[in-house]
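Asker: Following the hints, position chain B against chain A.
Listed below are the residues making up each chain.
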Amino acid sequence: MSTLPSSTERQTAGIGLRCPHFEEIVATRPAVGFLEIHAENYMGGGRMPARLEVARRHWPISVHGVGMSLGSAEGINDRHLERLARLVERIEPDWVSEHLAWSVVDGMYLNDLLPLPYSEESLAVVAANIAQVQDRLRRRLLIENPSAYLRFAQSTLSEVEFLNELVRRTGCGLLFDVNNVFVNCRNFGGDPLAWIEGLPADAVHELHLAGHAVNDADGVTILIDDHGSQVSAAVWELYERAVARFPTAATLIEWDSNLPPLPVLVAEAQEADRRWRSVHKEVGYAAAA
Amino acid sequence: MLPLRELQSRFAAVAAGRLLAEQAFADSGCVVEDAPGAAARLAIHVHHFRLTLIEALGATFPVVRRLVGDAFFTAAARRYVLSQPPQRPCLFEYGDGFPAFLASLPEAGSLGYLTDLARLEWAINRAHHADDVPSLDAAAAAAQIEAPSCDLFIGLDPSCRLVKSAWPVDRIWQVHQQGDDEIAPVDLEAGGVQLFIHRQDGEVGWLKLDAAAFAFIGSLLADGRLGKANALARAIAPSFNAPALLESLFEGGVVASVTAIN
Numbered sequence: 001m002s003t004l005p006s007s008t009e010r011q012t013a014g015i016g017l018r019c020p021h022f023e024e025i026v027a028t029r030p031a032v033g034f035l036e037i038h039a040e041n042y043m044g045g046g047r048m049p050a051r052l053e054v055a056r057r058h059w060p061i062s063v064h065g066v067g068m069s070l071g072s073a074e075g076i077n078d079r080h081l082e083r084l085a086r087l088v089e090r091i092e093p094d095w096v097s098e099h100l101a102w103s104v105v106d107g108m109y110l111n112d113l114l115p116l117p118y119s120e121e122s123l124a125v126v127a128a129n130i131a132q133v134q135d136r137l138r139r140r141l142l143i144e145n146p147s148a149y150l151r152f153a154q155s156t157l158s159e160v161e162f163l164n165e166l167v168r169r170t171g172c173g174l175l176f177d178v179n180n181v182f183v184n185c186r187n188f189g190g191d192p193l194a195w196i197e198g199l200p201a202d203a204v205h206e207l208h209l210a211g212h213a214v215n216d217a218d219g220v221t222i223l224i225d226d227h228g229s230q231v232s233a234a235v236w237e238l239y240e241r242a243v244a245r246f247p248t249a250a251t252l253i254e255w256d257s258n259l260p261p262l263p264v265l266v267a268e269a270q271e272a273d274r275r276w277r278s279v280h281k282e283v284g285y286a287a288a289a
Numbered sequence: 001m002l003p004l005r006e007l008q009s010r011f012a013a014v015a016a017g018r019l020l021a022e023q024a025f026a027d028s029g030c031v032v033e034d035a036p037g038a039a040a041r042l043a044i045h046v047h048h049f050r051l052t053l054i055e056a057l058g059a060t061f062p063v064v065r066r067l068v069g070d071a072f073f074t075a076a077a078r079r080y081v082l083s084q085p086p087q088r089p090c091l092f093e094y095g096d097g098f099p100a101f102l103a104s105l106p107e108a109g110s111l112g113y114l115t116d117l118a119r120l121e122w123a124i125n126r127a128h129h130a131d132d133v134p135s136l137d138a139a140a141a142a143a144q145i146e147a148p149s150c151d152l153f154i155g156l157d158p159s160c161r162l163v164k165s166a167w168p169v170d171r172i173w174q175v176h177q178q179g180d181d182e183i184a185p186v187d188l189e190a191g192g193v194q195l196f197i198h199r200q201d202g203e204v205g206w207l208k209l210d211a212a213a214f215a216f217i218g219s220l221l222a223d224g225r226l227g228k229a230n231a232l233a234r235a236i237a238p239s240f241n242a243p244a245l246l247e248s249l250f251e252g253g254v255v256a257s258v259t260a261i262n
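Sequences listed follow chains A and B, in order. What the first sequence shows, in the numbering used here, is residues 1 to 289, in sequence order. What the second sequence shows, in the numbering used here, is residues 1 to 262, in sequence order.
The following block holds chain A by itself, in its conformation from the complex (with noise of 0.2 Å):
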């Protein structure tokens, strides 16, 4: 089986799998490192199974869910769990990743990842759900930090102390999404710098990048990240220092909603391959061809 790419290699960047662009993908074989799907979409059968079935053999495959809900009060749903289980023994994945989030309660669904309040209490139920699902895959989970447009007044701990607490009690891995960060710390202040240095960078397996928008809610800026456009540059600048502290994580391009033309996103997997190089030129992390 292919494994995604370490720091001794030349890293190379993956891809989101998008529907649209399939057919394109396996006739014309892009040189990305790895492509990445949503768990979600591919829990039925049919047409969507058999392309990844394909897609897997050219590529290693990284599973990303979004329907999980980590964070949930009443706990994860059996159901969810075998139908993700069952997926990931199918591809096999190099993998498997989640958001520090929440999704369900009541019986609703409520397809967003819903910002949890950083209490201990929040830290006891995301840890049980986590190990729960680490249990049942038989694997580590890597937990992918989210973007956010409020704050809860009942947090006592910070988002990097919520996430070291995570690692130390569950032995997750973690999924640093360098664009969310960069989101957050513009919508409510901090230093992502001081985010990057203060995450365990041994557990720190894979890097999201994504575009954000810039939105005005009566007249105060928010950022929100909706994976809709090119890595901004400061994001790029961001993630330059992320892959100095965190070398052997791979990247992923994020593109979600106005999905361009494939080419474009490979063009951004290159950019991240060629900033990677750069950085580990200039701290002396020799790119073992």
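Since the hints were made in silico from the structure, they are not lab data. Just to be clear, a hint being listed does not mean it is correct.
Unchecked claim - Selected chain B positions facing chain A (Cβ under 10 Å, derived; list incomplete): (1) 3; (2) 4; (3) 11; (4) 25; (5) 26; (6) 29; (7) 35; (8) 48; (9) 56; (10) 93; (11) 94; (12) 127; (13) 129; (14) 131; (15) 132.
As the list claims (entries may be wrong) - A few chain B positions that, by computed beta-carbon distances, are all more than 12 Å from chain A: (16) 113; (17) 137; (18) 170; (19) 193; (20) 206; (21) 259.
This structure is a prediction, so every number in the text was calculated from the model and none was measured. Just so it is clear, CB atoms sit at the ideal spot from N, CA and C, and this is done for glycine as well.
Answerer: Just chain B now, kept in the frame of chain A:
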């Protein structure tokens, strides 16, 4: 301080329009009042919830959307999202109740075929995403039945669906696969159809059935009993030919199991 469960319940109530954002967290002060305020910040999530689910319904019911226009569709879908939000995270499973919801709207009554068309689009969607089950061929089925038995249980592939309409909904669906300038007129007086929708080799298609064949497959989908299905079909058309229809089901790869019932 709100317990997490209560906080999440209130959040959902705001998203579903059952509680105002200003009321949800006002007493507890649990959302920080960063400008432009907690309610405006909550509204970002509420907007996302409604918009993305309206879009998901539009993707599942594209012909319904074209027939009624974007403005009506968005308004109807919004009401549906608020009254019947999804229960599960796989959005290809969302929209089960949308055809019946459309039927309940007084405005939709002027398009008599709209509900049936929505049922056809839902059947197509479910057939696309139904679980993969290996199909049996006729020889394998015969080999499984060793002893003479009273009856057989025929299990059909999970992609199999039936849609019956007093309108030519198949034709209406087909002409709306073209661009706006190319939509051919449909003779609404052409009569109704009884459609058997299923997936074969990854592609979803349908067969038009007569009343007896429709009753036969409907009975098999309900409980699988061949004898009962055959009796029902023959009561409608004494000349009904079950072996010929079964053969075409085997050829279509939609028979998943055959079991003798003693």
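Asker: Give a verdict on every hint.
Answerer: Status of the hints after comparison with the structure:
A hinted interface residue such as residue 3/B counts as satisfied when its beta carbon comes closer than 10 Å to some beta carbon of chain A; here the least separation is about 7 Å, so the hint holds. Given the 10 Å rule on beta carbons, the hint for residue 4/B holds: about 4 Å separates it from the nearest Cβ of chain A. Interface restraint check for residue 11/B: the shortest CB-CB distance to chain A comes to about 6 Å, inside 10 Å, so the restraint holds. At about 9 Å, the closest approach between the beta carbon of residue 25/B and any beta carbon in chain A falls short of 10 Å, and the interface hint on this residue holds.
Violation of the interface hint for residue 26/B is found here, the shortest Cβ-Cβ separation to chain A being roughly 12 Å, above the 10 Å cut-off. Checking residue 29/B against chain A: minimum C-beta separation of about 6 Å stays under 10 Å; hint holds. At a threshold of 10 Å, the smallest CB-CB gap from residue 35/B to chain A is about 5 Å, leaving the interface hint in force. For residue 48/B, the interface hint holds, since its Cβ comes within 10 Å of a Cβ in chain A; the closest pair sits about 5 Å apart.
The restraint placing residue 56/B at the interface with chain A holds, with a minimum CB-CB distance near 8 Å, inside the 10 Å limit. The interface hint given for residue 93/B is met, as the beta carbon of that residue sits about 8 Å from the closest beta carbon of chain A, less than 10 Å. Here the hint on residue 94/B is kept, as its CB sits about 8 Å from the closest CB of chain A, short of 10 Å. Interface restraint check for residue 127/B: the shortest CB-CB distance to chain A comes to about 8 Å, inside 10 Å, so the restraint holds.
For residue 129/B, the interface hint holds, since its Cβ comes within 10 Å of a Cβ in chain A; the closest pair sits about 3 Å apart. For residue 131/B, the interface hint holds, since its Cβ comes within 10 Å of a Cβ in chain A; the closest pair sits about 4 Å apart. Hint status for residue 132/B: holds, given a least beta-carbon distance of 4 Å to chain A, under 10 Å. Residue-level check passed: residue 113/B sits 27 Å from the nearest beta carbon of chain A, beyond 12 Å.
Residue 137/B, annotated as away from the interface, keeps every beta carbon of chain A farther than 12 Å; the closest lies near 19 Å. Listed as outside the interface, residue 170/B is consistent with that label: its C-beta sits roughly 21 Å from the nearest C-beta of chain A, beyond the 12 Å cut-off. The claim that residue 193/B lies off the interface holds: its Cβ sits roughly 24 Å from the closest Cβ of chain A, which is beyond the 12 Å cut-off. In this structure residue 206/B is separated from chain A by more than 12 Å, as the shortest Cβ-Cβ distance comes to about 15 Å.
Its beta-carbon lying about 22 Å from the closest one in chain A, residue 259/B satisfies the requirement of being farther than 12 Å from that chain.
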